[in-house]
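**Student:** If you want the building blocks of each chain, they are given just below.
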Amino acid sequence: MRASDLAAKVGIPLRHLGRIETRVNPIPASILGPLCEHLDTVGEKIAPFASKAFRKAGNATDPKQRNPFAGPLSDSLRELKIDTDMSSWGLKLWLRDKESFYFLPVDGVTKERLWSVLQQRPNDIGIITFNSGRYKIALNTHRLLCWQFLYEAPMIKP
Amino acid sequence: MIKDEGEGLAIWFADRPEPLLFDVEADSETLVVDNDSEDTNLQTFFEFLEIDPELSKDSGFDRVSFIDIDGERFFCRISDISMIRVPLADVTPELNDWELTECDASDLEAEDKEQRIVFEESPSEDEPPIPLPKAN
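Heads up: the protein sequence lines correspond to chains U and Z, in order. So for the first sequence, this note's numbering puts the first residue at 1; every next one is plus one. So for the second sequence, this note's numbering puts the first residue at 159; every next one is plus one.
One chain only, chain U, in its complex shape:
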């Protein structure tokens, strides 16, 4: 199957599939099921580093323990840097001395990291780097005037 066909079937941009396959971006838990279905495989094969978590969830009798978006499975997957956030996040920011604002789509794992840095100690950091869409960004937190984390904003594709 061509990469473009797989991306279309799973419902993500082609470049996003590339970032997932090369482990540049975390795998969104929301596409694990469709990926398994279209590649005719199981989650352990796509994310072997999470095989223990999948096996534990597979053996659980309570359906809540098999939910990748909440509860113990979600916690385990998040620790393994699998994106269990169902929202599409974007960082909207204003820089000092600039008229425009900037709008940077980010995945759930990156959003958590940026949240903890920007909300807790923006003055200590200096330059922070992260992936946004098809770009790598380096942001000087000392030059950051203000910011917002937007969820489910239109046109955001991490």
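Because the hints were derived from the structure by calculation, they are not lab data. Where a beta carbon is used, it is the ideal one built from N, C-alpha and C, also for glycine. Check each hint, because a few of them may be wrong.
Per label pair, the in silico range of CB-to-CB distance [what the hints assert, rightly or not]:
(1) U:152 / Z:238: 30 to 38 angstroms
(2) U:64 / Z:175: 49 to 57 angstroms
(3) U:152 / Z:231: 42 to 50 angstroms
(4) Z:175 / U:49: 43 to 51 angstroms
(5) U:66 / Z:235: 50 to 58 angstroms
(6) U:81 / Z:208: 12 to 20 angstroms
(7) Z:232 / U:52: 44 to 52 angstroms
(8) Z:234 / U:146: 21 to 29 angstroms
(9) U:41 / Z:234: 42 to 50 angstroms
(10) U:44 / Z:165: 46 to 54 angstroms
(11) U:36 / Z:173: 48 to 56 angstroms
(12) U:44 / Z:238: 44 to 52 angstroms
(13) U:116 / Z:270: 43 to 51 angstroms
Listed next, the stretches of chain Z that the computed footprint assigns to chain U, with coverage defined by at least 3 CB atoms under 8 angstroms from CB atoms of chain U [said to hold, decoys possible]:
(14) 166-175
(15) 228-242
(16) 246-260
(17) 263-270
Computed list of lysine to any residue pairs in SDA-like fashion (alpha-carbon distance at most 20 angstroms, straight line) [claimed, not checked]:
(18) U:45 / U:78
(19) U:9 / Z:262
(20) U:9 / Z:184
Assemble the complex: chain U is given as a structure, and chain Z must be docked to it using the hints.
**Tutor:** Same frame as chain U, now just chain Z:
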């Protein structure tokens, strides 16, 4: 204003409204210990950016540099940088290889047009200005 066509390296400096744009060659090797060279140009640039600001002040490394498309080194001070943007594939050789081997260039181009991402937008001119309080 929407700008998302940006290729190459864009640097927004403090006190300059528009970014400076540079043509750079994509890295061809993954950066590991002791292999920094022109092949890992952008990865080395980003690695130096992330050095602790206090450490960089103490050690005198308050500047960073990269090599542009002409093979010439460009220097700037870290503290003057507001933001930098570079295509991920240029700074991630394995992703660049994946795009070259697994994708048709036309597919990627078509997708870039379709998946237009708002990167920069000016505040709307239609919005009325906020009224100032009247002086008594």
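**Student:** Could you run down the list of hints and mark each one as holding or not?
**Tutor:** Results for each hint:
Restraint check, residue 152 of chain U to residue 238 of chain Z: a C-beta distance of roughly 36 angstroms satisfies the suggested window 30 to 38 angstroms. Distance hint check: the CB atoms of residue 64 of chain U and residue 175 of chain Z are about 52 angstroms apart, consistent with the given range 49 to 57 angstroms. Look at residue 152 of chain U against residue 231 of chain Z: about 43 angstroms separates their beta carbons, and that is inside 42 to 50 angstroms. Checked against the given bound of 43 to 51 angstroms, the beta carbons of residue 175 of chain Z and residue 49 of chain U, roughly 44 angstroms apart, stay inside it.
Distance hint check: the CB atoms of residue 66 of chain U and residue 235 of chain Z are about 52 angstroms apart, consistent with the given range 50 to 58 angstroms. Taken as a hint, the range 12 to 20 angstroms holds for the pair residue 81 of chain U and residue 208 of chain Z, whose Cβ atoms sit roughly 19 angstroms apart. Checking the proposed 44 to 52 angstroms range against residue 232 of chain Z and residue 52 of chain U shows it holds: the Cβ atoms sit about 47 angstroms from each other. About 25 angstroms separates the C-beta atoms of residue 234 of chain Z and residue 146 of chain U, a value consistent with the hinted range of 21 to 29 angstroms.
The hinted range of 42 to 50 angstroms is satisfied by residue 41 of chain U and residue 234 of chain Z, whose Cβ atoms lie roughly 47 angstroms apart. The given range of 46 to 54 angstroms is broken by residue 44 of chain U and residue 165 of chain Z, whose C-beta atoms sit roughly 38 angstroms from each other. Remark: the range hint 48 to 56 angstroms for residue 36 of chain U to residue 173 of chain Z is upheld by a beta-carbon distance near 51 angstroms. Distance hint check: the CB atoms of residue 44 of chain U and residue 238 of chain Z are about 48 angstroms apart, consistent with the given range 44 to 52 angstroms.
For the pair residue 116 of chain U and residue 270 of chain Z, the beta carbons lie near 31 angstroms from each other, so the given range of 43 to 51 angstroms is not met. Residue count for the region 166-175 of chain Z with a Cβ under 8 angstroms from a Cβ of chain U: 5. That meets the three needed, and the coverage hint holds. Only residues whose C-beta sits within less than 8 angstroms of a C-beta in chain U count toward coverage, and the region 228-242 of chain Z has 6 of them, enough to reach three; the restraint holds. As drawn, the region 246-260 of chain Z meets chain U at 9 residues by the rule of a beta-carbon pair under 8 angstroms; at three or more, the given contact holds.
Restraint check on the region 263-270 of chain Z versus chain U: 4 residues with Cβ-Cβ distances below 8 angstroms, three needed, restraint holds. Under the criterion of a C-alpha separation no larger than 20 angstroms, the hint pairing residue 45 of chain U with residue 78 of chain U is consistent with the structure, at around 18 angstroms. Our distance criterion of 20 angstroms between C-alpha atoms is met by residue 9 of chain U and residue 262 of chain Z, whose separation comes to about 17 angstroms. For the proposed pair residue 9 of chain U and residue 184 of chain Z, the alpha carbon gap of about 30 angstroms is over 20 angstroms, so the pair is violated.
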